[in-house]
Structures are given as structure tokens and as C-alpha cells.
Amino acid sequence: MSASASSLGYGGPSTSLNNIHTRSNYYLMMVVKHKKSSISKGGIVPQRKKEVGVIRCSSSSSSSNGGIGIGDFIGGDLLKFDLGKWLSDVEEHKALAIYSPHEGGYEGRYFTRLRYQGYYFLDLSARGLGDPETTLTKVHPVCPAHVGKQPIARWYFPPEVDYRLEALPPDAKGLVVWIIEAKVLSKAELQFLALLPTLRPKVRVIAECGNWRKFMWKPLKEIAGLTSSEGA
24 MSASASSLGY
34 GGPSTSLNNI
44 HTRSNYYLMM
54 VVKHKKSSIS
64 KGGIVPQRKK
74 EVGVIRCSSS
84 SSSSNGGIGI
94 GDFIGGDLLK
104 FDLGKWLSDV
114 EEHKALAIYS
124 PHEGGYEGRY
134 FTRLRYQGYY
144 FLDLSARGLG
154 DPETTLTKVH
164 PVCPAHVGKQ
174 PIARWYFPPE
184 VDYRLEALPP
194 DAKGLVVWII
204 EAKVLSKAEL
214 QFLALLPTLR
224 PKVRVIAECG
234 NWRKFMWKPL
244 KEIAGLTSSE
254 GA
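Under the working numbering, residue 255 is the last one in the sequence shown; the count climbs by one each step, no gaps.
No wet-lab data here; the hints were simulated from the structure. Do not take every clue at face value.
[Unchecked claim] Taking lysine to any residue pairs in the SDA-like style, the calculated list, with each CA pair at most 20 Å apart, reads: (1) K196 with G107; (2) K210 with K241; (3) K206 with G233; (4) K241 with D105; (5) K225 with T157; (6) K225 with L147; (7) K225 with Y129; (8) K225 with V199; (9) K241 with K161; (10) K196 with D185; (11) K196 with F144; (12) K241 with E115; (13) K108 with K241; (14) K108 with Y129; (15) K225 with K206; (16) K237 with L188; (17) K206 with K237; (18) K241 with H125; (19) K225 with G197; (20) K108 with K206; (21) K241 with Y129; (22) K108 with V199; (23) K210 with S148; (24) K206 with N234; (25) K108 with R132; (26) K210 with K237; (27) K237 with F134; (28) K196 with P124; (29) K237 with H125; (30) K161 with D146; (31) K206 with S148; (32) K161 with Q214; (33) K108 with E231; (34) K196 with R136; (35) K225 with G248.
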């Protein structure tokens, strides 16, 4: 009976409990050893202090040369007094190619200023525009997605620009066709957009043709390779 009891573990200490106590003592010794290693002979080892640099605010010229300017803290668009030139260039050239910083947000000031002048907007993406001449000035077909379960159909839509020109209120100054991602357009497509205000006098074209370190714009005819004599 005693042999069977000893074989079953009755009457003696449990093996699993011994293992638990051994492991806990081992972990406790390791923690104490780790704490002692962090204390030197003279006391606790001092922690290294973080080095703090001083940033000096300078003018915008130093920021363009690679330094840090005050425009980096309060927004460079708030320091530029170019809204008057922006409005005059829109009225003079009627089609502009703009380049905004990668972080975005700068073009909103110029968008809002045109809206205050009485312009209405047509926002389009160049990636889904198709042929600009057909989409903007002609009745164009659109094939809806059939998802493999419906017959292929073809719908016809009115010209995007002419349709909105007819819907403008009497006191509207004009229609601004604002095209994002215009950098994917070909040279021929940019040339048509540059000539669109000539075909529709109340239309202004703003094309986002890329990015730059600061907000800037150029006449779209210059970007598309058209001269003033050809555009007339």
C-alpha cells in the first residue's frame, strides 16, 4: 500500500510545486542581480541628459536657402501678399497652371478668393476626365459598369461646361474649371484647356500641374507650349 501511495505521489511533496518554487527563486535572484548591476560604487548611475537644440527664427530668405524661417511655424501662405496678383493673372491669362506644396492646403486661399469674387466652380479630376474637348463641350457617351450581370449600356451626358454655364445665376462672374492631377494630361489636352477660355469667354481654367516648395503659378499656354499669338 505504501509503495502504491508513493508511486502515486500521496504522502510526499508535489513535484510541480517544487518546480514552481525553484523557478520563482531563480527569477527573484535575476531581478536582484539586475538591480545591483544598475548601481555603481558611488550610488545610482545618473541618466544621460537629452540635448536640446535652439531653433532660431529668421526671414523667409534664409528659409529658401535651407534654413528655418518664421513661415515654417505660422504657415508660409499667410505671409505672402500675392492674392491681388493672383486675381489679376486669372483675369489676364484666363488659364493658369498652379504648383502647390506636397502637404496641401495652400491652394484653398486662392480658391476662396475667386469664390469671393463671384465665380462658381466645376471640380474635375484629370484621371477620369477622358477627352477634355468631348467631355467639357460636347454631348458625350458614358458606359456604366455592368459588373458582368447586366447588358452593356451607353448613356449620354450633356457638356459639363455648357450645362453649368446655362445654370449660372445672373450675378455670377463666371465659371472656374478647377482640374486636379492635371500632370497626367498630355500636351495636346493641356493645349485645349488653355484655349477653352477663348471658346467660352466666361470660363476660367485652373490646372494643378504638379508640386513645388511654395505655391506658384504660370500661364497654362506657356506650360502647354502655346504662344500668345497662337492662342489669340
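Structure-based check of each hint:
Pair hint K196 plus G107 holds up; C-alpha atoms about 17 Å apart against a cutoff of 20 Å. At most 20 Å may separate the alpha-carbon atoms for a hinted pair to count; K210 and K241 meet this at roughly 15 Å. Note on K206 and G233: the hinted pairing holds, with a Cα-Cα distance of about 6 Å set against a maximum of 20 Å. For the suggested pair K241 and D105, the alpha carbons sit about 14 Å apart, so the restraint of at most 20 Å is met.
Only pairs whose Cα atoms come within 20 Å are accepted, and K225 paired with T157 is accepted, the gap being roughly 19 Å. For the given pair, K225 sits about 18 Å from L147 by alpha-carbon distance, which is consistent with the 20 Å threshold. Pair hint K225 plus Y129 does not hold up; C-alpha atoms about 25 Å apart against a cutoff of 20 Å. Between K225 and V199, the direct Cα distance comes to roughly 9 Å. Compliance with the 20 Å bound is thereby established for this hinted pair.
For the given pair, K241 sits about 28 Å from K161 by alpha-carbon distance, which is inconsistent with the 20 Å threshold. Of the pairs offered as hints, the one joining K196 and D185 holds, with about 15 Å between alpha carbons and a cut-off of 20 Å not exceeded. The straight-line distance between the Cα atoms of K196 and F144 is roughly 11 Å, inside the 20 Å bound, and the hint therefore holds. The suggested pairing of K241 with E115 holds, with an alpha-carbon distance near 12 Å, which does not exceed 20 Å.
Note on K108 and K241: the hinted pairing holds, with a Cα-Cα distance of about 12 Å set against a maximum of 20 Å. Note on K108 and Y129: the hinted pairing holds, with a Cα-Cα distance of about 16 Å set against a maximum of 20 Å. A hinted pair counts as satisfied when its Cα atoms are at most 20 Å apart, and K225 with K206 does not qualify at roughly 24 Å. Between K237 and L188 the CA atoms are separated by roughly 33 Å; this puts the pair beyond 20 Å, and the hint is violated.
Taking the CA atoms of K206 and K237, the gap is about 17 Å. The hint holds against a cut of 20 Å. The hinted pair formed by K241 and H125 meets the criterion: a straight-line CA distance of about 18 Å does not exceed 20 Å. At most 20 Å may separate the alpha-carbon atoms for a hinted pair to count; K225 and G197 meet this at roughly 5 Å. A C-alpha spacing of about 24 Å is found between K108 and K206, which places the hinted pair above 20 Å, so the restraint is violated.
Distance check on the hinted pair: K241 and Y129 sit about 16 Å apart at the alpha-carbon level, within 20 Å; holds. Taking the CA atoms of K108 and V199, the gap is about 17 Å. The hint holds against a cut of 20 Å. Straight-line distance between C-alpha atoms of K210 and S148 comes to about 17 Å, which keeps the hinted pair within the 20 Å bound. The straight-line distance between the Cα atoms of K206 and N234 is roughly 10 Å, inside the 20 Å bound, and the hint therefore holds.
Between K108 and R132 the alpha-carbon distance is near 13 Å, which keeps this suggested pair within the 20 Å criterion. With a CA separation close to 24 Å, the supplied pair K210 and K237 exceeds the 20 Å bound. Simply put, K237 and F134 have alpha-carbon atoms about 16 Å apart, close enough for the 20 Å limit, and the pair holds. For the proposed pair K196 and P124, the alpha carbon gap of about 29 Å is over 20 Å, so the pair is violated.
At most 20 Å may separate the alpha-carbon atoms for a hinted pair to count; K237 and H125 meet this at roughly 9 Å. The hinted pair formed by K161 and D146 meets the criterion: a straight-line CA distance of about 18 Å does not exceed 20 Å. Proposed proximity of K206 and S148 is supported: the alpha carbons are some 11 Å apart, at most 20 Å. Note on K161 and Q214: the hinted pairing holds, with a Cα-Cα distance of about 17 Å set against a maximum of 20 Å.
In summary, the hint linking K108 to E231 is supported, as the alpha carbons are separated by about 18 Å, within the 20 Å threshold. For the suggested pair K196 and R136, the alpha carbons sit about 13 Å apart, so the restraint of at most 20 Å is met. Taking the CA atoms of K225 and G248, the gap is near 23 Å; set against the 20 Å cutoff, the hint is violated.
Hints 7, 9, 15, 16, 20, 26, 28 and 35 from the earlier list are contradicted by this structure; the remaining hints agree with it.
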